[in-house]
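Could you put together the complete structure from these sequences and hints?
If you want the building blocks of each chain, they are given just below.
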Amino acid sequence: MIDWRARERLVTWVLGAVTVGFLAYQWLPILTMALLSFTGPDGGTTFPMRGVSLFWYRELLRVQSIDDFKPPLGRSLVLALLCSATTAVLAVAAAQAMRARFRGNGIFFYLVLLGVMAPGLLVGFGMGLITRIVGVTPAWYTTTFAVHIVWTLPFGFLTMLAAFNRFDRRLEEAALTLRANPWTAFRRITLPLVLPGVIGAALFGFTLSFDEFARSFFTTGSEQTLPLVIYAQFDRQLQPTLYALGTTTTVVSLLAVGAALALVRLVRRRAVTGP
Amino acid sequence: MANAAEHDVELRGVTKRFGSFVAVRDMSLIVEKGQFVCLLGPSGCGKTTTLRLVAGLEQADGGEIRIAGARVDDTPPWRRDVAMMFQDFALFPHMTVARQVGFGLEMLRRPKEEIRRRVAETLAAFEIGDLADRKPDTLSGGQKQRVALARALITRPRVLLLDEPIGSLDFSLREAVMLELKDVQRRAGISFVWVTHDQNEAFSLGDQVVVMNHARIEQTGTPEEIFERPRTRFVATFIQGHNVLDGTAASAEDGHVTVVTAVGRFVVPVRNGAAPASGAPVSFSIRAELLEDDPGLDHPNRLAATCHAIEYLGSVRRWDLRLADGRSVKLERSGRTRCRLAEGEAVLIGWRVEDGVLHIPAADAA
Amino acid sequence: MSTLRERSPRAYALALPAALWMIGALVLPTVFIGWVSLWTTRTFSVGNPLGFANYAKFFQRPAYVKVLTDTVEQTVLLMVITAILGYAIAYFLAVKVERPTVQLAFFLVLVIPFWTSALIRTIAWIPFLGVTGVINKVLIALRVVDQPVEAFLFSRTGITLAQVSFYTLLAAGPVVYTLRNIPPSLREAAYTLRAAPLAVFRRIVLPLTLPGIVIGQILVFLNVMADFATAQAIGGHKLAYLGNLVILLYDTGQLPFASVIAVLLMAAMLAGVAVLLKVVDIRRLGIS
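Protein chains in written order, with the working numbering: chain A, 1 to 275; chain B, 1 to 366; chain C, 1 to 288.
Incorrect hints may have been included.
To be verified - Residues from chain A shown here face chain C by an in silico Cβ test under 7 Å; the list is partial:
no., residue
1, Leu-15
2, Ala-17
3, Gln-26
4, Pro-29
5, Met-117
6, Phe-125
7, Val-147
8, Leu-191
9, Phe-213
10, Phe-234
11, Thr-249
12, Thr-250
Honestly, the hints are just simulated from the structure, not real lab data. Note that beta-carbon positions come from the ideal geometry of N, C-alpha and C, so glycine has one too.
Following this line, the structure appears as structure tokens:
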């Protein structure tokens, strides 16, 4: 009979191996793509790499007639910023409303959360149907924007709910007893303290929109966002430009996350030491 | 030495480290059959770790642990003949009371009929029969406590280990629960090891009290022994009601030693072992209730002080006296005996020589 | 009392924008899809007569029904794999790793890919699976096979491999949450009640993490059922699931038919929500 301590250790090692194995499994494709993006001008889309260069990155920047990536990239960025701001505002409002426990807030909660459950394909398709039937032209800054918010809002909402949950409402009450009106109390006391949550909601709005394509699929019209352009490449001969693009967008996403985290740390420190 | 199989629990030279921190150092302890032992001490003294070592939830780095005479160092917790009660009760949220209480018996693979019968009996014995189908989140603190107790005792363990079991109960409930638990212990006849930082709990419940500090045992004894004869300086300061004075040993003769302090010279009897060497740092204590405010001339131990404040604590009155060097000394009176000191008054206090208690250094304790 | 009095009209005002948005951009399109799926003519007008003819047509075509069954099969396969894999990873992270810094580090490394585009991660799998891809090169180098295995790219295996890497974390996340909510004293209490580790897992840990498992599985379920990009990128045109079918029909202008499939997907979605509401109350998981 194996010693029980050894058995526990064995279990830990096996589970650990599975976890680390999965980690590698998840990261290797991304890292491989990043590596291959630096392949030389004669390089193909798989190994072996023929030389190391920034050729394909330069290809990205070149103005091309068919596959110019720059305008879609611009559109995706603008859309992401738009979604970021809108998500933050709507999420704060919705979460603040939830604190008041109004009648029907259960239904409201599930209504917002429905956005997470509805697959992008369906929502995009439905919106596409509406635009077709009603006769509205879809565009990335109208219909796509609307559908992106459906997806990002629940995440921002949950983040703000958690932030308000951690917030001590007695601080607000103290402000009210000091003759502040509700709006001032919210602006000067509550908001600065839940700011990390707001930044989180804004971050969700940005990254989720920037990377989103299923919801953009039926709703952008002729001027496409970046993920759609990438998706269109699937039917063509793959080129390392795509890898360069993929690596670039990944870096943008990670930079956004990093910026948000840095901002949160800055805000937290200022909350403690004062403006 | 008594037959080893008579001891319910025995620790010999047990040490436990967490990284570089020593939680329990070279500890030896005996819990006799059917004894109620309280481990008393401040946070971090190692009392909870000791309990967990006996339960098997921690592995000792050195020494031996025996339960009912047999070594259990390599036995996992689920095969030891112990049960444990946790401070947060640790009731299983997804099981009804009946299911929970029967859990231990299920694990012991008892037949269903027997489990059903014993659960019903145990629930009745603890007067929680009407809670059988309830889930823990609908119970009050006192009810949860009874369920936890029933759950632990149904397996008829040799020892019950309790980790600050009444700490999370309302104050008004604690007294009643303490007495109930003492009663249960006496009727069940199994030994209890109770961990607490509360002196009142330890004194009212324990047959034996083990005072711990910094991974070591400072003193083991009955509540009377601990209170009336604290062995080390720590015990005297930790247990309420003692005044501690530090100084240097001067001459020693006739079973007494003279101690020189900043506020005077005092004669203290030597009761444990050899007298301290001349010049050695030494401390002694005198209980607050044994200080006299009108010392006769035959008291060689006299001290000048000023009454700083009087605290009224109900059945006990406490005078806070300041010495010449600013230190505080407490004098207590209870019942009808009075002390006529008023605030601001200067006074001479004294005590009988035999009431002083000399403390041995911690390294020689236990 | 907070800056907002309970049930004050201001609360409704604050909630209104979000509510309207969700209704307009989510509920309305969904209703539309249902309506269009019932159209009985192919013309594009609002006054179309309604009926279930399209549904009948769908179930009569074996090719379409096969797509439906393929999708369900693939979904169930993924659910099983991610449930086991996800639980193993979650258990390791939440229970076996002691130091919080190590826990956080692991967690970050696992979660960071989710902050990147799913599409990009799908693309990244292509150089892995092809005949000249990394997996084949490794297998040949290790002499496991002599010839490159064609079965990875353009096959169900390849799609499954990629989907497992995308969705396992969805299954693991909620389990991590529920595992962390189990106080260590519960497990210890079970040990002192003569339960060996396997019994503790089966009788205490698993039942208490069941809500987490269910939530995770529902997330996986919804995502795999609607997944079309993975099939397209890795399966090429050889394989199609419901999502691909919707797109195909939309592109060829067969809107009512496309709507039928969308409705079937939605029905699955609602069924998932129903299961969820039965097994666990999200709001009691510590959010409200």
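Worksheet entry | Ala-17(A) as chain C interface residue, shortest Cβ-Cβ below 7 Å | 9 Å, violated
Worksheet item: Against chain C, with CB atoms and a cut of 7 Å, does the hint on Thr-249(A) hold up?
Response: Thr-249(A) check passes; min Cβ-Cβ to chain C is 6 Å, inside 7 Å.
Practice prompt. Have a go at the Gln-26(A) hint: is there a Cβ in chain C nearer than 7 Å to its own Cβ?
Written response: 5 Å, holds
Discussion item. Take the shortest C-beta to C-beta distance between Thr-250(A) and chain C; is it under 7 Å?
Written reply: 4 Å, holds
Practice prompt. Report holds or violated for the interface hint on Phe-234(A), using the least CB-CB distance to chain C and a cut-off of 7 Å.
Written response: 5 Å, holds
Discussion item. Hint Val-147(A) vs chain C: min CB-CB distance below 7 Å?
Written reply: At 6 Å from the nearest chain C Cβ, Val-147(A) passes the 7 Å test, so the hint holds.
Worksheet item: Holds or violated: is the Cβ of Pro-29(A) closer than 7 Å to a Cβ in chain C?
Response: Check passed: Cβ of Pro-29(A) comes within 4 Å of chain C, closer than 7 Å.
Practice prompt. Please verify that hint: Leu-191(A), Cβ, nearest Cβ of chain C, below 7 Å or not.
Written response: Not OK, violated: Leu-191(A) not within 7 Å of chain C, min 10 Å.
Worksheet item: Does Phe-213(A) pass the interface hint, meaning its C-beta sits closer than 7 Å to a C-beta of chain C?
Response: 5 Å, holds
Fill in: Hint validity - Met-117(A) Cβ closer than 7 Å to any chain C Cβ
6 Å, holds
Worksheet item: Once the shortest beta carbon distance from Phe-125(A) to chain C is found, is it less than 7 Å?
Response: 5 Å, holds
Worksheet item: Given Leu-15(A) was flagged as interface, is its beta-carbon under 7 Å from a beta-carbon of chain C?
Response: 4 Å, holds
In this structure, the hints that do not hold are numbers 2, 8, in rising order.
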